[in-house]
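K.L.:
Using our numbering, read the first sequence as starting at 886 and increasing by one per residue.
Errors might be hidden in some of the hints.
What the hints assert, rightly or not - Calculated lysine-lysine pairs in the DSS-like style (CA-CA distance at most 27 Å, straight line):
no.: 1; residue 1: 1200; residue 2: 1169
no.: 2; residue 1: 951; residue 2: 1252
no.: 3; residue 1: 1281; residue 2: 1216
no.: 4; residue 1: 1171; residue 2: 1217
no.: 5; residue 1: 1169; residue 2: 1216
no.: 6; residue 1: 1281; residue 2: 1217
no.: 7; residue 1: 1217; residue 2: 1169
no.: 8; residue 1: 1200; residue 2: 1281
no.: 9; residue 1: 1182; residue 2: 1171
no.: 10; residue 1: 1182; residue 2: 1169
no.: 11; residue 1: 1060; residue 2: 1040
no.: 12; residue 1: 1004; residue 2: 1021
no.: 13; residue 1: 1281; residue 2: 1252
no.: 14; residue 1: 1217; residue 2: 1182
no.: 15; residue 1: 1259; residue 2: 1200
no.: 16; residue 1: 1171; residue 2: 1216
no.: 17; residue 1: 1182; residue 2: 1166
no.: 18; residue 1: 1252; residue 2: 908
no.: 19; residue 1: 1004; residue 2: 1060
no.: 20; residue 1: 1021; residue 2: 1040
no.: 21; residue 1: 1200; residue 2: 1217
no.: 22; residue 1: 951; residue 2: 1169
no.: 23; residue 1: 951; residue 2: 925
no.: 24; residue 1: 951; residue 2: 1021
As the list claims (entries may be wrong) - Here are the in silico distance ranges between beta carbons for each label pair:
no.: 25; residue 1: 1072; residue 2: 941; range: 55 to 61 Å
no.: 26; residue 1: 1167; residue 2: 932; range: 25 to 31 Å
no.: 27; residue 1: 1230; residue 2: 1253; range: 19 to 25 Å
no.: 28; residue 1: 908; residue 2: 1237; range: 38 to 44 Å
no.: 29; residue 1: 1159; residue 2: 1071; range: 54 to 60 Å
no.: 30; residue 1: 1266; residue 2: 968; range: 45 to 51 Å
no.: 31; residue 1: 1174; residue 2: 1011; range: 15 to 21 Å
no.: 32; residue 1: 1000; residue 2: 1071; range: 40 to 46 Å
no.: 33; residue 1: 1072; residue 2: 1250; range: 24 to 30 Å
Rather than coming from a laboratory, the hints here were simulated on the basis of the structure. Even for Gly, the Cβ is constructed at its ideal location relative to N, Cα and C.
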Amino acid sequence: MKNGTLSDVFEELLDHSPIFENKDVLRSTYAPEELPHREKQIHNIAGILVAALRGETPSNILIYGKTGTGKTVCVKYVGRELEGFGGGKGNACVVMYLNCEVVDTQYRVLAQLARHFDKDIPMTGWPTDQVYSEFKNAIDSEDRTAIIILDEVDKLVKKGDEILYNLSRINSELKNARVSIIGITNDLKFLEFLDPRVRSSLGEDEIIFPPYDANQLKDILEQRSTTGFRAGVLNSGVISLCSAFAASEHGDARRALDLLRVSGEIAEREGAGNVSEQHVKLAKNKIELDRIGEVIKTLPTQSKLVLYSAILLDKMGAVDFTTGEVYNTYKKLCMSVGIDVLTQRRVTDLISELDMLGIINATVVSKGRYGRTKEISVSVPSESTMSVLLEDYRLKPLEDYASLVQTRLQ
DNA sequence: CCTCCACCGGAACGTGAGGAGT
DNA sequence: ACTCCTCACGTTCCGGTGGAGG
């Protein structure tokens, strides 16, 4: 009987999410039919790529823009349309998308491209030349235009720009097919590191994607929310608030969408019938906390110890404490963990770094007769931060220490 | 008004890892 | 295999300082 009721619950939740109609729409990876405020850029790209439909070689394109400005989604969109259109008109177009953060070497890029034409290329073992000619033959076997999209192309260049050089010259070795390259990057300085020959050929055309402003973000969120959420669950100010938060950062649409989706998730978990501005604030907090947690996890051990000392002091009831106090507890911690003790000079630097990251608050104050120091307070929740810190195996011995403080408090 | 605390923070230097060049 | 260079991380040394208390 119990099982029966439980599966009813699953059934209920599966079929009728009270909040979401289709959550995938609210992910930044989803490609919608319409891309608001990118008409100009899409038009530009299409204008360049249309040459492919006439059987000519389109110019290579370099696309700039910060994260979350819609570069990838726009290029993919134009690519899809082009492929579909070209098939109907008899001028075949092949669009290949590669994310260079994943495929980050010459060999892998070529192998991936060749596999697109159903070639069997082993993960490793072949000489790169052979993979190159395999790809060349495959592509040249028909009269067609191939468009290669290299996303995050700056990642590829870090390991040598030979591949870009080869690809940009491949047209002179082909008889039937034509190749054009679209590079996408968010690193504006990346061109400087490039071989001049590659630079001029890759950057025949350049398109810039500016960040979105709050109103544009609002349009994007509104458009997605109509299919993403059930009708009427969003309170009136929710979308404005999400876009305002995201716009005040970098105009990052990815952030805005995350914020909206997480707000919905929180509302859903609460069992609320609709999403309120309060949920957005909670979501902003959650996202921020996740970010901070990530930062803390990747801190160097010494910084973790310093932070741990600060949290201990905080838990012992001190509201503000000084560099000296932190340093003293830090020294004790180092002893009990068996890690070298750094000098106070160095620790002040670490404290400043933690301050910069927004994990602690440190301001210099003068206490007159009693010297001049930094007043420090912790600005993250101590319990959860402590457990994140204890995940580090080098800090394991401190678990006892933590419970010791706990008992002393009682 | 002067003193003097308890630290701040700049400068120069040491060290070892990792990359480029040859 | 070798040197050379850079870079991050730390140390040593030390001049500097806001303001409570005398």
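K.L.:
Checking each numbered hint in turn, tell me which of them this model violates, lowest number first.
P.N.:
Hints 2, 4, 5, 7, 11, 13, 16, 18, 24, 25, 26, 29, 31, 32 and 33 contradicted; others consistent.
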